[in-house]
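Given the coordinates of chain A, assemble chain B onto it according to the supplied hints.
Single-letter residue listing:
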Amino acid sequence: MNAPILSARGLCKSFGGLRAVHEVDLDLVPGEVRALIGPNGAGKTTLVSMLIGRIAPDAGRILLDGADITRLPAHARVRRGMAYSFQITSVFQRLPVEENVALAARRRLGRDRAAVAGEVARVLAEVGLSAEAGRMAGDLSYGHQRLLEIAMGLAQRPRLMILDEPTQGLAEAEVAGFRRLVRAISADCTILLIEHNMDVVMALADRITVLDFGEVLAEGTPEQIRADPAVQAAYLGAA
Amino acid sequence: MRAAGLHLGLVGLLLAAHFVLPAYHHGVLARVMVLAAYATGYNLLFGYTGLLSLGHAMFFAAGMYGAGLGVRFLALDPGLALLAGVAAGALLGLAVGLLALRTAGVAFMIVTLMFAQATHLGILLAGRWTRGDEGFVLQGPERVVLGLDLGDAAIRYLAAWALFSAVLLLVLRLVSLPAGRVLVAIRENEERARLLGYDTRAHKLRAVVLSAAIAAAAGAAYALLFGYVGATFASVQYSILPLLWVLLGGAGTVIGPFLGTLLMFYLIDTASGLTPAYMLVAGLALVLLTLFAPQGLAGEVRRRLAPWLP
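From first to last, the protein sequence lines stand for chains A and B. The numbering used here puts the first residue of the first sequence at 1, with every later residue one more than the last. The numbering used here puts the first residue of the second sequence at 240, with every later residue one more than the last.
Everything labelled a hint here was simulated from the structure, so no lab data went into it.
Stretch-level coverage of chain A by chain B, calculated; a stretch enters the list once three of its residues show a Cβ under 8 Å from a Cβ in chain B:
| hint | region |
| --- | --- |
| 1 | 67-78 |
| 2 | 93-107 |
Not the full set, but computed from the structure, chain A residues with beta-carbon under 8 Å of chain B:
| hint | residue |
| --- | --- |
| 3 | Y84 |
| 4 | S90 |
| 5 | G110 |
| 6 | Q156 |
Glycine is no exception: its CB is placed at the ideal position from the N, C-alpha and C atoms.
Chain B extracted, bound-state conformation:
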């Protein structure tokens, strides 16, 4: 299958990049892969199910703090900490999903935004453990698993690659399954999907939980790989970013979130070297995108060249 080939090709390319990239770009790509996993989870809900969340930072933070606090206070090893982070995100996703899915459209955006703000404030209020805005650092020995130091650049890159590859292939598989097709049907016309006999509420809830769990896995990995846990990651900025990455790369495409994350990172990186008003460049890019490629990069490719792109 062309689709499987393309995505496995990306996975292979990213592995090959480990051996050839200069140190700076090697470090950037490790970070981009973790954030792209976050964006891919976000896209499952936004691009495929048609639910626009403005509060996904709470799931990223749930993973980050689930893992970080687990390491700090329960002395979990990084493997268990990752699982704790994913569990925290999935549970939060279940709770928020049960409540927020009683709404739709703009109300869903506002309710998710509200829950994310509550989560952010909760982290600040629990400053005794979370150290609030200042956050805390995971020390060297806390980040060693099976004798591998996640702080080491090579190990870090490969761990980020493993996480991103797993998420990418999971989502690729999911969207080809009947359950994934139902999510698209819900996005396109929920009432029709319901009257084909699909329990759309249950499907949407599962999508929220899975999307939250993937976001949390990225958050947990971020804490473990880069050694820092801070409340900034629960702020509204980190809810908006995955939306921008996905819009840039192509909502409702499997490969789009990665492309968007990568491009936006280098765009801002380059722009900030030229001007302090670097967000202006990001804004301009989004305006151009809306005008000339409203379906995002991969979305445009699908529309013009490759209708088979999942």
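Isolated chain A, as found in the complex:
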């Protein structure tokens, strides 16, 4: 097995008396699509927020390419090749679509206007938003804003992309488009995907990690997870 791109060891986080994440270990292998699933309140968003650096863990360590990044601020982790797309759409509403993507590309490409413009065009074409380039991001439909989130992630050319519930609130047809998009992205990027839609998870994930009450309940391939009685009891219910 390849050396992991991202490792977490013994991550803990409590909010007041609530133990949101407890002693979680996680290893992501380069190139894989890992799904993170679990019931509401299982600690999924808290866990990835610690991985990207939006909140600090109470205990534990996070390694990126073997280097300890536990104390690095979020922007420094992004500079090392991580990208994060928000669960609740967080685009620059009052800026044009192309400027949203350009902001993501410019951090890497700097003042090279031609390179930035080229990257913006490439990424917007990839997610299918080329026709919307000049519109205000806030005027886009919800589904298109979700796509814009992904585009902003892509423009950073990350090595590891964390997608927090990308299909939440999307229509059936849009979900199918998303599946194709995530599969295309996974060709050259490791993906950590938080997802409620089990069809999407089963279709995309190489491996699945199940979180329950802040702890890892199970980990394995989609087949193993589907067959795991503990997971069925905790999460899948009768299905």
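For chain B alone, kept in the frame of chain A given last:
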């Protein structure tokens, strides 16, 4: 580029005005240009970065006293005094920025207001050197640089024009650069900007320092051109004024602060000739503005006619 043309056009127009304006308006415009430079610096932080400071008078005063005390006690020539004023403002901006940026929103307003009050009181306490509220006058010979007397109306106008033009074009350039776009991104959604890999704290600190340095340059120029240094300029009134000018002219536009400063000056000038309650007129103007043009003059023009306006 249309944007460059428009702003260079304003710069050219103001230069042409030097040759045609009657004496009274010529003097007014010199003063307005210095204050507009102050407002432009304020707007960099408020309009572009989204940080509302209620204490910018401390930076204006840092420039004014940095220059004024430099002339008085170190016998600096006006050129060096201007630099001393800018340095004083930038240093104060760095110190205040490091502390105040630990807060955001309303807390940032209160902390900057507090530091400005402390600066104002500090100037009064150091009355032995600053002469407190009374202030001091820079005498004729103290205001001569390279044989040019800054007290002369023509020289004064051209110096004010040079300062304002430099500040205007600097800010115009900055907001078109990637670093300037990041400030707008921070204003719009700081968390998103951070997660695009931008060190938003460092960007905000740079914006505070640059905004303070521009305010200080205006303060230093005011002292040198109009020959008076006084604690009134460190009072809370001079922190509120640039906010009003920027709101009137259009926050987050390059040209707005100048328009706001100019308009407010003539509004108050005209109103005070008609009624002693002239601030009531200024208040009414702001109420109307909030109702009908909440984005300010240039902001409305951008929204309705010229979306390309920087």
